[in-house]
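Protein chains in written order, with the numbering used here: chain A, 5 to 369; chain B, 58 to 381.
Please keep in mind that the hints were generated in silico from the structure rather than gathered at the bench.
On a predicted model such as this, the values are computed, not experimentally measured, just so you know.
You may find that some hints are simply not true.
Said to hold, decoys possible - Pairs of lysine-lysine residues, derived as DSBU-like cross-links and limited to a Cα-Cα distance of at most 35 Å, are as follows:
id	chain 1	residue 1	chain 2	residue 2
1	A	K283	B	K296
2	A	K44	B	K172
3	A	K20	B	K182
4	A	K307	A	K250
5	B	K198	B	K172
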Amino acid sequence: MTLFQPEYIYIEKEVKELALTRQVLERCPDAPVELVDSAKHLIASLQRQRDSEVRGKKRLLLCRNRGRFLDACPGTQLYRCCGYMVLTPGAGCPLDCSYCVLQAYLNNPLITLYANTQDMLDELEAAPELRDGSIKRIGTGEFMDSMALDHLTDFAAALLPFFRSRPGLVLELKTKTVRVEPLLKLDHGGAYIISWSLNTEAVVNNEEHGAASLAGRIAAAKKAVAAGYRVGFHFDPMIYGEEWEKGYRSVIELMAEHIPAEAIAWVSIGSLRFMPPLKGIAGRHFPATRIYTGEFVAGQDGKMRYLQDIRLEMYAKMAGWFKDLLPGVFVYFCMENSRSWNASFGYFPPTDAALKQLLDQRIST
Amino acid sequence: MTLHSDTVTIPLTAIGLEDTAFVITFGRSCEDLARAIERAGLINPPVLARLPGQEAYRIVCGFLRIQALRQLGFTDIPARVLQPGLRDAQILELALCDNISHRQLNSVEQAGAVKRLLNYVPETKVIEYWLPLLGLSPSAKALESCLRIAGLEQEIKQALAAGAISGHSAVELAVLSAEDRLALFRLFSSVHLSASKQAEIIETCRDLALRDGTDIQKVLSSEEIAAILAAPTPNPSHKAEQIRSFLRRCRFPRLTRKEELFSALAKILPHAGGVRLLPPQSFEGDTYRLEIAFSRPETLADAAQTVQALAQDARLRSLFGDGR
């Protein structure tokens, strides 16, 4: 896969002298640059333009984040959540997945990096919830791919001193890319878990535009393991389609062939789910995609999910394959209900805190 | 931009009735207007633009009035004539302002206006200035919707202007191939569907065509739909429901099968005494509900017995078989 190089860069005037801005400009010497007074006004004016003209994932915005960088993962009380925390160094992603919720979630069509990196580090230093020594799993992959812009930002290296200084904190770098070499050199001390989002070969090829190949991701994970990292894998979203069983089983076989079970911190499973407007938006962006033609029904949180029988069918198979091929690996659900847990794993964490504890144990073991 | 203040008399033969460059009106008849003119006379003379160097005129405002006057047998009509030298863009703006000053344009008129404005005005100005004047939100989405509607076939525009199909449906139809669009439009013309049901059928048909690798035309030409449409009864509204139901079964085969099984089970389970078993919405989760209707304490007691019998019925356990 090719590394993202913006074709055009907007810079909010007040961040033009910040270190990250200067670094990005040095690394993108050919991109035209436009200084703007206000990122907010720029985004508002782009929203008035036609989608076809602002879409394309080629334009980068460097601006100030005026809100929080760190927050709790926006889960829901109706489905079991794992107590994850989200760190947001930017928003938007150069990869172009047909199922990506950001298509409907973000109102900003630009790939955005927050240049006030020092404010982010200061916020982490000051955050009371990160001071008590307890285990906290934090991820940067909620609103962007954790590594897709790292060749411009060096965020992974920049954040390491803080995470190494706080035992109990773990940063999960969640990605569909394969540029792991800079991470291999880091003295991470177990503070980082690198995770790959995995899917069937068909889904990777047809729905995850611009992302690395499945084999490439597994190869990158293998390198990370060799460098002493623990790794995670996320089968989310699972997509029910032709030959889905063969497809997902093949992925687990590939994992089992290359990654030792003890190096796997966790594996999450979740099926495709989306707020209703995403279907129309994604339909315009990806008119040929068939992933939204499954039997989706409104879940208890208003999101569309596969009919529960279909989810149970997929989950039961996945649980069985992991048991057979990668025994001992901890597999959990993202945003599922008691019926799915009980049917697939034979138990249901009684509270969100109980699920969090199960995942935290994966870090301390 | 000013008008000559005097009203002059122009022969109808000098007016280009086929020239619709500035005509905003769509889907309106001149019958009522003709009756009004017959009764009260022409209150506001139409506005014309003279073609350079000719004794010929283009209609700027008052297309319907001129049609009505013609229908009433006038050969010469009173009109105001624009000063010479105006550009087409200025004339179009004047025609639009005249229309929006006294009425709400319908969706087809709005769409036609936007399409023509884009010939002269930058897109951002159309969005920010003209769309609100036309009663639309100043957004790229509204502009795109207008362009889609403007590109529709005349018969679909007529149906939209007449309210037979909704604006949302028209926009959704516009993105389909002509064959698929007309197949859906023919269906909407033959059965009665509300705007939301039209939208549902468009979405369902699109999903089915995409899922099955076919096209909407083929989905709608199924034997089942043909049989429903050809049957002498029921009335078009009921036929619409039958078609919706058929399409839903195709689109959600497992869900509808589950609904049918539950419905069959609910019928044979104990259900006397006003007790009704309700499944979780879309069978999501495993929480079923019981509804008990009673009007007197004795009927509540009957219901309690029914509930007890229900709880002990082995067939009820089949509902939970896959989850426990």
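Non-conforming hints, listed in increasing numerical order
Hint check: nothing fails, all pass.
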